[in-house]
Each structure stands twice: as structure tokens, then as C-alpha cells.
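> Each chain is listed here by its residues.
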Amino acid sequence: MARMKFLCDADRCIDCNACVTACKNENEVPWGINRRRVVTINDGKPGERSVSMACMHCTDAPCAAVCPVECIFPTEDGIVLHSKDQCIGCGYCFYACPFGAPQYPRIGNFGSRGKMDKCTYCAGGGGPEAPGSAAEFAKYGSNRFGEGKLPLCAEMCSTKSLLAGDGDVIAEIYKTRVEKRGFGSGAWGWTTAYQEDIEVSSGGSEL
Amino acid sequence: MTTFVARARIAIGALLLLAIIGIDPAFAQGLAPDGAPNPTASAVNEQTLLQQAPSIQGRIDIPDTKSSVLIQPVGRKWDYFHEVTLHWTGAVVILGMIAVLAIAYLIMGPVRISAGRSGRKVRRFSAFERFAHWLTAGSFVVLGLTGLNITFGKKLLLPLIGPDAFSSMSQAAKVAHNFISFAFVIGLVLIVAMWIKDNIPRKVDVDWLKQGGGFIKSKHAPAGRFNAGEKAVFWLALGAGIAIAVSGYLLLFPFYGTNIAGMQIAQIVHAIVAVLFVALIIAHIYIGTLGMEGAFEAMGRGEVDLNWAKEHHDQWLAEELAKEQRAHPPGQASATPAE
Numbered sequence: 004m005a006r007m008k009f010l011c012d013a014d015r016c017i018d019c020n021a022c023v024t025a026c027k028n029e030n031e032v033p034w035g036i037n038r039r040r041v042v043t044i045n046d047g048k049p050g051e052r053s054v055s056m057a058c059m060h061c062t063d064a065p066c067a068a069v070c071p072v073e074c075i076f077p078t079e080d081g082i083v084l085h086s087k088d089q090c091i092g093c094g095y096c097f098y099a100c101p102f103g104a105p106q107y108p109r110i111g112n113f114g115s116r117g118k119m120d121k122c123t124y125c126a127g128g129g130g131p132e133a134p135g136s137a138a139e140f141a142k143y144g145s146n147r148f149g150e151g152k153l154p155l156c157a158e159m160c161s162t163k164s165l166l167a168g169d170g171d172v173i174a175e176i177y178k179t180r181v182e183k184r185g186f187g188s189g190a191w192g193w194t195t196a197y198q199e200d201i202e203v204s205s206g207g208s209e210l
Numbered sequence: 555m556t557t558f559v560a561r562a563r564i565a566i567g568a569l570l571l572l573a574i575i576g577i578d579p580a581f582a583q584g585l586a587p588d589g590a591p592n593p594t595a596s597a598v599n600e601q602t603l604l605q606q607a608p609s610i611q612g613r614i615d616i617p618d619t620k621s622s623v624l625i626q627p628v629g630r631k632w633d634y635f636h637e638v639t640l641h642w643t644g645a646v647v648i649l650g651m652i653a654v655l656a657i658a659y660l661i662m663g664p665v666r667i668s669a670g671r672s673g674r675k676v677r678r679f680s681a682f683e684r685f686a687h688w689l690t691a692g693s694f695v696v697l698g699l700t701g702l703n704i705t706f707g708k709k710l711l712l713p714l715i716g717p718d719a720f721s722s723m724s725q726a727a728k729v730a731h732n733f734i735s736f737a738f739v740i741g742l743v744l745i746v747a748m749w750i751k752d753n754i755p756r757k758v759d760v761d762w763l764k765q766g767g768g769f770i771k772s773k774h775a776p777a778g779r780f781n782a783g784e785k786a787v788f789w790l791a792l793g794a795g796i797a798i799a800v801s802g803y804l805l806l807f808p809f810y811g812t813n814i815a816g817m818q819i820a821q822i823v824h825a826i827v828a829v830l831f832v833a834l835i836i837a838h839i840y841i842g843t844l845g846m847e848g849a850f851e852a853m854g855r856g857e858v859d860l861n862w863a864k865e866h867h868d869q870w871l872a873e874e875l876a877k878e879q880r881a882h883p884p885g886q887a888s889a890t891p892a893e
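Going down the list, the protein sequences come from chains A and B. Residue numbers for the first sequence, in the numbering used here: 4 to 210. Residue numbers for the second sequence, in the numbering used here: 555 to 893.
If you're looking for bench data, these hints aren't it; they were derived computationally from the structure. Cβ atoms here follow ideal geometry from the backbone N, Cα and C, with glycine treated the same way. Mixed in with the good hints there might be a few duds.
[To be verified] Okay, the calculated beta carbon distance ranges per label pair: (1) A/K152 with B/I715: 34 to 40 Å; (2) B/W688 with A/W34: 42 to 48 Å; (3) B/T602 with A/A141: 39 to 45 Å; (4) A/G149 with B/V638: 31 to 37 Å; (5) B/K709 with A/W34: 36 to 42 Å; (6) B/I796 with A/V172: 52 to 58 Å; (7) B/A737 with A/W34: 32 to 38 Å; (8) B/N813 with A/I110: 21 to 27 Å; (9) B/L649 with A/K48: 52 to 58 Å; (10) A/A141 with B/I715: 25 to 31 Å; (11) B/V695 with A/K152: 51 to 57 Å; (12) A/K152 with B/P617: 27 to 33 Å; (13) B/I796 with A/A5: 47 to 53 Å; (14) A/G149 with B/I836: 49 to 55 Å.
[Unchecked claim] Straight-line C-alpha distance at most 20 Å; calculated DMTMM-like pairs for lysine to aspartate or glutamate: (15) A/K152 with A/D171; (16) A/K27 with B/D615; (17) A/K27 with B/D618; (18) B/K708 with A/D88; (19) A/K178 with A/D200; (20) A/K118 with B/D718; (21) B/K708 with A/E73.
[What the hints assert, rightly or not] If the Cβ cut is set under 7 Å, some of the chain A residues that face chain B in the computed set are: (22) D46; (23) P65; (24) A68; (25) P71; (26) E73; (27) G103; (28) S188.
Please model the complete structure; the sequences and the hints are all you need to start from.
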């Protein structure tokens, strides 16, 4: 069984924001919501790194645990999906998320939040809509995964910094890269999301 | 000779340079296995950053600056608080209070008016005072139930009514919780404005406490308009009300003066205070209804029996009767004379 994960090789990310744009375009995400973003750490200083971040589809996802209506769940591939029909827009997943993934369209007065929106790994939604249907697209965005494709953000990353796919496979790719080039600033977010890190045998002393 | 000095200078210079290179660890480690400069020598690292601060923040290109926080692992701790600590604390505190009151009722029974009813009524709360009380009380019950639903609904109600019905109900409950909060705050402000002067602690409260608050049946503890127990409820409700309103409005207005960590703390304060507040009010409801004969009438119709007032609020009754005496001195006709 595949366990889908994201991995951003920060030593390759050039902060071009193509993943952000690809995500918005592919999923027709509404204004004000960014399912993916690129954050630059130590901007302008030596050792600066950019990291592309979205929902990491955590193991034991805290958002799913705290949801008061239990509308967030992991699929058999480890993708964390939710049902917008059941979401009440309480904001709890957004308090719990270590990666700032859940976002809400503003629908009215005060902080009244609409249905939560987040990265779906381009795998459609967790509602009753038929996979790949127009209804599913309107609510959750693209279902590339149902067509056997990976998320578009990772697929079109120009430096192949952002990797998506089975966790073991992308960890292996990253490990090979670090061993070959001799350095790596680590798999950002992996310890928090998956409670594991990627062990690299040589070279990447920073891991 | 000059060439020797020049050569010596070059040699010393070269030695110095080598020494400097040898001392500088960044330069020493700054090479990858193939001899290229190693960019990782100065690269930022997740573990180091998380040791320095609880979250990792950077610069972001999109206008939404609050999403510049990259990783904040504390969300997992909040998850534990919400799913484990809060569920247990809430269940123990609220069920514990109900159990204590049930035992008290079974052992002691309600506090009776020991002299029996006199049949004469004394006015205790005006219509406006009762309106303010019931505005606060009614909104509290709605807020309490909808709030408990957010925490316990998925364990208790969801399995009974199914996910779709539970979601629709919780959606309505969330809207009710957000908007009825304003009624609660208005009620609380009115209560405080009306009753704060009668709730300032006085010497008689010490006597009331020493005599066990009148729960020892043979004695009736002295009290003014509000006894020490009621004053405790007043001040606790005021403190809890402020804490719950401030934390609640911080949650209702995301990112106004808070960040995610701030909202996690606000939610913890809101939940813990709410659970204690619910337990306090359950006790307050008990003593105002089942627990004491003749108490509910005060807030119900606004009038209490003279003997009830004598037994529970003797000093207040004396003042009320004195006022009545002054307004209508005995012997004078009850009708006001024409001017």
C-alpha cells in the first residue's frame, strides 16, 4: 500500500512560486485562499532556504483528531481529505495544523468562516460526489489522483525540488540526492508530519 | 639581502594565511566531497530553528503575510489537550458536580422553610432584574449546550443521529453560539451594574461562612440582600464571564491581536473556564430550584415568602420592612393624600 507524502528539497527550491500558481490554476481555488505557499527562511542571509508548503497529509493528522464533526479522514493512500458537506467552519483544524494548511472563505460577519479548504493532493474531495465529477471539481478541485497522476504542484516543479508520491520512494530519491551532492538541509516538516526523518548514510551532516 | 627579506615576508604571510584558514571552521568544512563549496555549511536547519523558537517563520511572496509561518509543531500539543485533557477534565468536573449535588439531595434533601410559609410576600427582584437574570441564564444554557456539543458531541451525539444530521445541527449550534454570546455579555453587564453594590463582601459574610451558610438546619446564618454563597457565585460568574468573553471574542475574530499560538491559548482558556463555569452554574441552578424550598420564586415571580426571607436574608428583610415603614407609617391611611 502506497503512503502518499510531500517532500520539499529546500536546497533545490528557487522560490519561483510555480507550484503555488499551478495549484491555484489546476484546482480553481477561490480568491484569498492559497492551498500551497513558498516561505523563504533567513531571507537575504547566508544559508537562506525556500520551502514550498501545503497540507503535508500527516500521519495521525491533528486536524482530523480535533474536528468536532469528524469530517476529516485519511484515505487508504494516506491522503487527508474532508467533506465540505459536513464541515461547520469552526476553525479547530486550523488551530491544530502545524503547517497552516486549512483555510476558510470569509462568508459573513465577524470571523464567521465558510467551509474549510485545503490541499487535497489533487485527489478530489471526501464528500459523496462521484470521483472526477463536475460537482466534485466545483467543491474540491481537481481529481488527478483518480486518473493515476500526482499533484500538479510537484509534477511541474521546474527544479524537481517538490516531490510527491509514495513516501518510501521520494525519501529514497532525496537520500540519493543528498549522498551524491554531499549536502541537504533536511526533509522540512517530516518530523512533525510523519514522526520520522530521512536517515542519510553519508554526506548530509545536517540531517 | 633584500630578496631574502622579501622571501621571508612572503613565507610569513603564507603561514599566517594558512593559520587563518585552519582556524576558521566554516571555511574548513565549507567543501563538498568533490571540492566544491558546501552550501549546507551555513544552511538553516529545521531542528535548530525549532530549538530557537516554537515556530519557523520566513518571508512570503503572497499578500497573506500570516501564512509566512512555515511550521508550528505545537498544534500537536493542542490536539492532545483538546482530545484527551479537555475530554477528561470536562467529564470529571461536570459529572462530578452533578454527582455531588445528587448525593447532597439524597442525604440532606431540600432546605425547607423551617417556620413554614407565612403567606405574606416580600418583593425581592424587580421585573428588570429578573429580565437581566433570565437573559443571562437563557443565553448561558444555549451557549453551554452548544459549547459542550463542540467538545463532546462527536462522542455522545454523533453515533446516535448520524454524521449528516449531526453536522447540520452543529452548524446551527455554531452560529447560535457565536451570536447568542452577545446577549450573554449584555446580560452579564446588566447584572454587574445592578448587583455589584449588594455583592461587596462585608463582615456578615464571615459570620455566614462560620455558621456553614445555613445548611446546618438548626441555625439560620445572617445575611444581607445576598449571602456569602451568592456573592461567591456573583464574583466567580463575573470573573469567568470576563475570561470566557475575552477568549471567545479573540476566537471569533481570528488574527485580531492573536496568531495561531494565541488562538490555541484562547481556546484552552475558553474551554477550561467554560467547564468550570458550567459546573458552578449547575450548583447555582440546584440551590435555586430543587435544593431550597421557596428560592425559585425570587427569580420566578419576583416575590418571596416572609418566613423564607427571615431565614435566609434576615438583614435584608429588616431593611425592606424598615423602608416600608417609612413609606407607609402605621396609622396613616394607605392612600397618598392629595396635594
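> Determine for every hint whether it applies to the structure shown.
Status of each hint after checking the structure:
no.	hint	in the structure
1	A/K152 with B/I715: 34 to 40 Å	39 Å, holds
2	B/W688 with A/W34: 42 to 48 Å	44 Å, holds
3	B/T602 with A/A141: 39 to 45 Å	44 Å, holds
4	A/G149 with B/V638: 31 to 37 Å	36 Å, holds
5	B/K709 with A/W34: 36 to 42 Å	37 Å, holds
6	B/I796 with A/V172: 52 to 58 Å	54 Å, holds
7	B/A737 with A/W34: 32 to 38 Å	34 Å, holds
8	B/N813 with A/I110: 21 to 27 Å	22 Å, holds
9	B/L649 with A/K48: 52 to 58 Å	55 Å, holds
10	A/A141 with B/I715: 25 to 31 Å	28 Å, holds
11	B/V695 with A/K152: 51 to 57 Å	52 Å, holds
12	A/K152 with B/P617: 27 to 33 Å	30 Å, holds
13	B/I796 with A/A5: 47 to 53 Å	52 Å, holds
14	A/G149 with B/I836: 49 to 55 Å	51 Å, holds
15	A/K152 with A/D171	18 Å, holds
16	A/K27 with B/D615	15 Å, holds
17	A/K27 with B/D618	15 Å, holds
18	B/K708 with A/D88	16 Å, holds
19	A/K178 with A/D200	11 Å, holds
20	A/K118 with B/D718	15 Å, holds
21	B/K708 with A/E73	7 Å, holds
22	D46	4 Å, holds
23	P65	4 Å, holds
24	A68	5 Å, holds
25	P71	5 Å, holds
26	E73	5 Å, holds
27	G103	6 Å, holds
28	S188	4 Å, holds
Figure legend: structure checked against the earlier numbered hints; every hint is met.
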